[in-house]
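K.L.:
Chains A and B supply the protein sequences, listed in that same order. The numbering of the first sequence is UniProt numbering, which starts it at 1 and goes up by one. The numbering of the second sequence is UniProt numbering, which starts it at 1 and goes up by one.
One should not assume that every hint holds.
No farther apart than 30 Å at their CA atoms in a straight line, the calculated lysine-lysine pairs in the DSBU-like style are these [claimed, not checked]: (1) A:LYS461 / A:LYS309; (2) A:LYS145 / A:LYS188; (3) A:LYS264 / A:LYS217; (4) A:LYS515 / A:LYS461; (5) B:LYS23 / B:LYS93; (6) A:LYS564 / B:LYS23; (7) B:LYS26 / A:LYS188; (8) B:LYS81 / B:LYS26; (9) B:LYS93 / A:LYS514; (10) A:LYS512 / B:LYS93; (11) A:LYS4 / B:LYS43; (12) B:LYS134 / A:LYS440; (13) B:LYS78 / A:LYS514; (14) B:LYS73 / B:LYS97.
Calculated from the structure, these hints are not laboratory results.
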Amino acid sequence: MSFKRSDLYPCNPATTRGESTKLGSNSDKIVYTNGRAVVIRDLKNPAAVTTYSGHVQNTTVARISPSGYYCASADITGTVRVWDIAGEDQALKGEYKVISGTVKDLEWDGESKRIVAVGDGRDKFGHAFMMDSGSSTGEIIGHSKVINAVSIRGQRPFRAATASDDATIVFHQGAPYKYEKTIKTHTKFVQDVRYSPSGDHFASVGSDAKIFLYDGKTGETLGEITDSPHSGSIMACSWSPDNTALVTSAADRTVKLWDVETRKALTTWTLGSTVHDQQVGSTWTAGDDIVSLSMSGALNVFDRRVGDKPARVLLGPQKSITAAVALPSASTFLAGSADGRILSRTYSDAGAESYAQLEGEGHAALVSGIAASAEGKAFSIGFDDKLREIEGSGFVPAVCPTSSQPKSVAVGPDSTVFVAEASGVEAIRSNQRVFELNPKFAPSAVAATETLVAIGGEDQKVRLYAWDGKALAESATLEGNKGTVSALAFSPDGSLLAAGDSSGKIVLFDIKEKKTVTTRWSFHSARIHSLAWTADGQHCASGSLDTHVYVWSVQKPMRNIAIKNAGPGGVSAVLWAGDGRLASAGADGCVRTWDITFHA
Amino acid sequence: MSQSGVGVSQNCINAYQSLKLGKKIKYIIFTLNSDNTEIVVEKESESTNYDEFLADLPEAEPRWAVYDFEFEKEGAGKRNKITFFSWSPDDSKIKQKMLFASSKDALRRSLVGIAAEIQGTDYSEVAYESVLDKVSRGA
């Protein structure tokens, strides 16, 4: 009658083309945002991942206080939330609406007492305030366009530098923060400004591909780094923990390491050749890991002694996970997301630290379903109206177009794939259409066994068809659902069929008798997205838009295991990973695993 | 309030009295007799297993029930609350639902000492946790 939370596989940072994405770090932890979630992960300990989903709107930036006890995160409406990260319950310290537009960056001062948040707004572009009361500690003025970055000198006397789209940097004295002077070094957007940990210097980078160094106390310009410059917009810079080196990430797909004393380039790392490889953010952790963020969301972790390529690359979904399937090996699953990407992931107790990319061309739009065959092949459908096959660690080059928008996919005998589409159901084998069914109802879900195919419709009914390898012959209609049938799953031995619908009801049917076994599986309050049976056919897990996961029992239909709020924003897929381990994936792009103890 | 004019059989009152005073019976399921003229006792049970009680609530027919709900109040020991259930699942026939809704008062008023009332239209509303939540409020 219980479950225990196990691993959490986080999403990667959200990125926007042409904009710099701020990554924060504290000791070995890095912090970033995606959608409404804030993710904190430890680079030295992959199991230490926490997510925060307290924001109502999409988040933009998050940073941990120098003390390590609090995190401040901000969203597109100008709201900053300060919350506790030392305890388990992420207690809210304060919520402040600081500016009227999106917050692009925020920074803590060295005493973890004050925060400066900057971004876009109607009357002002930035605000300095106390973290515990929200009361103002000065003003951030002098800019005429959106402010991209802020950095505060970590020691007294405090100074704050802000970088803006108006190509200027404003130097403030504090605290309370007052306008000191405007620095006009850059000729285009200034993307990032960072103080060194010692506070002696700060550096700025911008869309004019230039890097400038300044005195930390006076704001005097010390000079420009001109040795082997970047050829594109520089999006971010970060200082080494020992203050001697600076790393810059640029849209020319390179990351460069500079020696501050000699102002010479030490290392240049080049990453790929596509738009997705543009570098849009960076942070240098106290544990001496250099992290640079690609447009694709990949976190490239560099070791400054290794010159040619990243020491490791952390991949993950960047958009909500819309479909997922367990491969027969059970230690690996595939997750497809709303941007059309499919990634594979091995559970971390089997040794994997991150997701892995599938080779070959994937989908161009939202992945609406993935199904796996017993032989280990997987088939995916997407809103680009394509059926693709995945074998081993990549896509098979051949691709089969579907005749209308695919909604659900199931694999039958000898790798025949059944695709439920807006206008009908297609049976496809080896990329050839072998049969097409054009029923009167609109199909919405499909499931298959060796000889039977179940098709759920928007008319709230489930129909059974016999499959002889050539054609589908209707054999029965099962009624009992209260909304569009949104998920179907046969028990492993094919004797039972669970049908979930858009009202949150799950009806369990007996296939032989063609009757309802129970309607007691009705605790969900919104659309059922996914159903998954255990191998013994005794339990079935369901994931729903209502954010909950339930594990149901066939023997005792009145007993269930409720995992409330298993996925903020809705659970889109549930899958079993071996005995008693359930994984759920959801709209926040994260996968969580649970250890389930079944009812005795 | 419209009343169906259905009467309550003497057995119902007797069964309820023995549940209330005897402390042996755990729950009683009430239903209408076959020609819908009188409320009768369908089952009396001494089982303390809540799942068995749930199993006695049919999936597609309305019922009433009285359950002697026992729970632990934090730091204040055990509490018993006699709870009245109106079970009217979405799947039952409309005529049945109407009849049970209009006959409920007749039964409810003849039972004195009910501490809590639960209305259920699906199983999540009568699950142990949700009943406990409702019953323990203000206990």
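K.L.:
Has the given pair, A:LYS4 with B:LYS43, been kept, meaning a C-alpha gap of at most 30 Å?
P.N.:
It is violated: about 38 Å lies between the C-alpha atoms, which goes past 30 Å.
K.L.:
Are the Cα atoms of A:LYS564 and B:LYS23 separated by 30 Å or less?
P.N.:
violated, 36 Å
K.L.:
Take the C-alpha atoms of B:LYS134 and A:LYS440, compute the straight-line distance between them, and say whether it is at most 30 Å.
P.N.:
violated, 46 Å
K.L.:
Would the pair B:LYS81 and B:LYS26 pass a check requiring their Cα atoms to be no farther apart than 30 Å?
P.N.:
Distance ~11 Å between B:LYS81 and B:LYS26 Cα, so the pair holds.
K.L.:
Take a quick look at whether A:LYS264 and A:LYS217 sit within 30 Å of each other, Cα to Cα.
P.N.:
holds, 24 Å
K.L.:
A:LYS515 and A:LYS461 were given as a pair; does the straight-line alpha-carbon distance stay at or below 30 Å?
P.N.:
Between A:LYS515 and A:LYS461 the Cα gap is close to 13 Å, so the pair holds against 30 Å.
K.L.:
Regarding the pair B:LYS26 and A:LYS188, is the alpha-carbon distance no greater than 30 Å?
P.N.:
violated, 79 Å
K.L.:
Are the Cα atoms of B:LYS78 and A:LYS514 separated by 30 Å or less?
P.N.:
The hint is violated at about 46 Å.
K.L.:
Are the Cα positions of B:LYS23 and B:LYS93 separated by 30 Å at most?
P.N.:
violated, 35 Å
K.L.:
Is the hinted pair B:LYS93 and A:LYS514 satisfied, with a Cα-Cα distance of at most 30 Å?
P.N.:
holds, 21 Å
K.L.:
Run the distance test for A:LYS461 versus A:LYS309: straight-line Cα separation, threshold 30 Å.
P.N.:
violated, 55 Å
K.L.:
Has the given pair, A:LYS512 with B:LYS93, been kept, meaning a C-alpha gap of at most 30 Å?
P.N.:
holds, 26 Å
In the structure shown, a violation is registered for the earlier hints numbered 1, 5, 6, 7, 11, 12, 13, 14, in ascending order.
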